[in-house]
Amino acid sequence: MDIDDILASLDPHPPSSSSPSLIPPETRDLQALTRHWVAERSTPELLSWPSDGLFERINDKIKRQIEKVEEMTGDMDPKTNFALIVIQTELERWKFLVRSYLRCRVGKIDKHLLHYISNDALRTRMSPIEEAYARRHQLLLHNHYLNSFLGTFPPAMQNLNDTAGNISMIDSPDLDSAVFIRLLKNAEIECHGVDVDGVLTGKEGDIVILRWSDAKGLVERGDAELV
Amino acid sequence: MSYYDIDAILTDAEKIPCTFQIDVPDLGYLDNQPGHTLKAGSRVALPIWLAEMLAIANTGAVDMDDPSQSSKSFITFDLPSALGNDVVQALKADPRSVPLRDQSAHFYALATHMMELSEEPELSAVLRKTFVSRAAEIALHARKVGGGGSSYHGRDGGGAGGKGKGKATKEDNASNLGVGGAGEEFLRGLDEWERKLFRSAHDGTKASKEWMENVKKR
Amino acid sequence: MALPLPTGLTQNEVSFLAEMEMVTVVPRQRLDSIDLLGGKTPQLRPPHRAQLPLWLALLLKKQRRANIVPPAWMHPASLAEIIHRETKEDPEAFSPPPPPPSRALYAQPGTARRLNHQHQPSFLDDLTQTTLDSQQQDPNSILSPPFLPSNVAESPAGYLPYHWLEIAEALLTHAGDDMPAPAGEVRSLLRDLVEVRAAKMRSSTSALEGFGDAWLTLRGVGAMELAENRAFLAGLVDGVRKIGASAEATRREEEEEARRGGEYGGDGDEDSDEDMGL
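Those protein sequence lines, which keep their order, are chains A, B and C. Counting with the numbering used here, you get residues 1 to 227 for the letters of the first sequence. Counting with the numbering used here, you get residues 1 to 218 for the letters of the second sequence. Counting with the numbering used here, you get residues 1 to 278 for the letters of the third sequence.
One chain only, chain A, in its complex shape (with noise of 0.2 Å):
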């Protein structure tokens, strides 16, 4: 034990790590913003909108942060300017987290706009804004279409959600796509293979890689978490 260890255990206050491992709220908001991008970046199909206002919860925390640095940025005294510096980059990195994760969903949107919108479940992943968005982004390019070359079509043809000849015009993601997750604890893998469907017996912190729709289940359940 060094002198630092010793003087460590007389401070009144115990280090978090030894007291009681209450996680604050704010961190947990932080945990579950960085959870929630990590699985919306490493999925091929769109996630739901978290429903328990964790994304108001963080714009208005954001939105405050952001007050609050403009009513420190005029005190020169150095002390609170460098606390200023620490706010900020921090801020800087929620920022980056929000917009990152907003504009990975708008990119899965964008990607497959009829998919998501002519659905009633797929469209309620969405949230209100990202729905308005999308259907208006269809209603603008649809018409783009039709003004610069499908109005020239017969009517019939000019639809964008055909099925005819056993093809839809819709396109969708790949949810056999494979992804990587790592397991959070042990757990029995149902996994569908060319060869064999089985089922894996995975240990906690194992990284796997398999098919999106096999790993879907484990995921919701909290089972594993996308890496």
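It cannot be assumed that every hint is accurate.
[Stated by the list, open to error] Calculated lysine-lysine pairs in the DSSO-like style (CA-CA distance at most 27 Å, straight line):
| no. | chain 1 | residue 1 | chain 2 | residue 2 |
| --- | --- | --- | --- | --- |
| 1 | C | 200 | B | 196 |
| 2 | A | 63 | C | 40 |
| 3 | C | 200 | A | 79 |
| 4 | C | 242 | A | 216 |
| 5 | B | 129 | A | 95 |
| 6 | A | 185 | C | 200 |
| 7 | A | 185 | A | 203 |
| 8 | A | 95 | A | 63 |
| 9 | B | 206 | B | 217 |
| 10 | B | 196 | C | 242 |
| 11 | C | 62 | B | 216 |
| 12 | B | 196 | B | 39 |
| 13 | A | 68 | A | 111 |
| 14 | B | 216 | B | 206 |
Keep in mind that the hints were calculated from the coordinates and are not lab data.
Got chain A; can you put chains B and C on it based on the hints?
Coordinates of chains B and C only, in the frame set by chain A:
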């Protein structure tokens, strides 16, 4: 299959050998006999999209005189030469030595489509093995081109013990700038799926190298 | 507006994530607690150690306000042990990840409990309520990198945490003078480790050869190694699946048929009754 996928559309345009099962009046020009009837039994190469429809659809005709003529498919088809026995045997012997691109730029897509139309369990197994073992070779080349062995190469040790290695690495890089004879030949023979794989392996290595260099700057 | 990046975290994103890992610092100056969006930072009072996220620790280090205590696993002896394990003990697999974290309980001195572990109800419940409340109730309570407290700051020697390469690089570059050994020595060990593991990553794909297994496990792999190989591995697995798609459909039909045959035969054969679907 995706509706707007250009590669899928191009794959559908690949021709496969077909045999007509019935006489078709005036279609003789397909077999270099303009103006004549195309006789049953004629072998003609047709694009997949057409062959597929003709093979699945039937004439629907009820021929009272000859019942064997009724409800026949218009055509039957065979595997294209790209997936023929010669190629399969060569792939079994040494998957890495076959330039797949010479068979078809969309070799795997073509094969996948053909296997949807008719069951080919052996072909499926051989091709999967081919894909995986060629992928390992692809990864090897992609890493060389992407950034000199592993991403950790190409930077100085940053202190004691790192100098000698740093120098050797530079030489490695120089020799890897050109892929070299045999490698170049192999890469030329990649089909579209394999080229995509090559690109993702290359980009992964390159991005790691760039990240490594950026750590210092921050 | 839409993010132009491919599916899966890139190297830069992984590096950003790694900066959330906690590291231990020894402050050189006093610094009051700062009210951040992610919670209050601890008060810094030299020479008391504190745990901070890596990004903040690096900021303090660059301003000479703190030194960073290198994690135990970065010690040359630990790295050499890991290399030994990776090359001699099990030349096939990656060395295992750090053991799951446990915590001493505040309310029950002398008792340890696994974090993340399924809570077993017991008569001790009322005593440990405060500890368990926060850990058990919502699904986010299962901690994993980068939020595992024991991952870096308290990670034991001899194991590589998930974000090992990113953290090692950041610490060597910006806190080289805080290392337990000359930075060059640590770096050269890390380089060996990178090489050994890159070769394992390459050979991992041969497991897929031809037989279309449904999965591939890479226990012990690091985040940066995954980022580098992610697109390639995913492309490989997807390719095998697509080439095998019709064979797979045929096999499933046959199995379905065999199963139905078994049912109609009424011999109650358990083996043919496997549940294939989800």
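Results of checking the hints against the structure:
1. Of the supplied pair hints, the one linking residue 200 of chain C and residue 196 of chain B holds, its CA atoms being roughly 23 Å apart against a limit of 27 Å.
2. For the hint linking residue 63 of chain A to residue 40 of chain C, the alpha-carbon distance of about 18 Å falls within 27 Å, and the restraint holds.
3. Between residue 200 of chain C and residue 79 of chain A the CA atoms are separated by roughly 49 Å; this puts the pair beyond 27 Å, and the hint is violated.
4. Between residue 242 of chain C and residue 216 of chain A, the direct Cα distance comes to roughly 20 Å. Compliance with the 27 Å bound is thereby established for this hinted pair.
5. Using a Cα cut-off of 27 Å, the hinted pair residue 129 of chain B and residue 95 of chain A is violated, with the two alpha carbons roughly 46 Å apart.
6. Pair hint residue 185 of chain A plus residue 200 of chain C holds up; C-alpha atoms about 25 Å apart against a cutoff of 27 Å.
7. The hinted pair formed by residue 185 of chain A and residue 203 of chain A meets the criterion: a straight-line CA distance of about 7 Å does not exceed 27 Å.
8. Proposed proximity of residue 95 of chain A and residue 63 of chain A is supported: the alpha carbons are some 10 Å apart, at most 27 Å.
9. About 17 Å separates the Cα atoms of residue 206 of chain B and residue 217 of chain B, which keeps this hinted pair within 27 Å; it holds.
10. Annotation: proposed proximity of residue 196 of chain B to residue 242 of chain C holds, straight-line Cα distance about 14 Å (limit 27 Å).
11. Of the pairs offered as hints, the one joining residue 62 of chain C and residue 216 of chain B holds, with about 13 Å between alpha carbons and a cut-off of 27 Å not exceeded.
12. At most 27 Å may separate the alpha-carbon atoms for a hinted pair to count; residue 196 of chain B and residue 39 of chain B exceed this at roughly 43 Å.
13. Only pairs whose Cα atoms come within 27 Å are accepted, and residue 68 of chain A paired with residue 111 of chain A is rejected, the gap being roughly 38 Å.
14. Proposed proximity of residue 216 of chain B and residue 206 of chain B is supported: the alpha carbons are some 17 Å apart, at most 27 Å.
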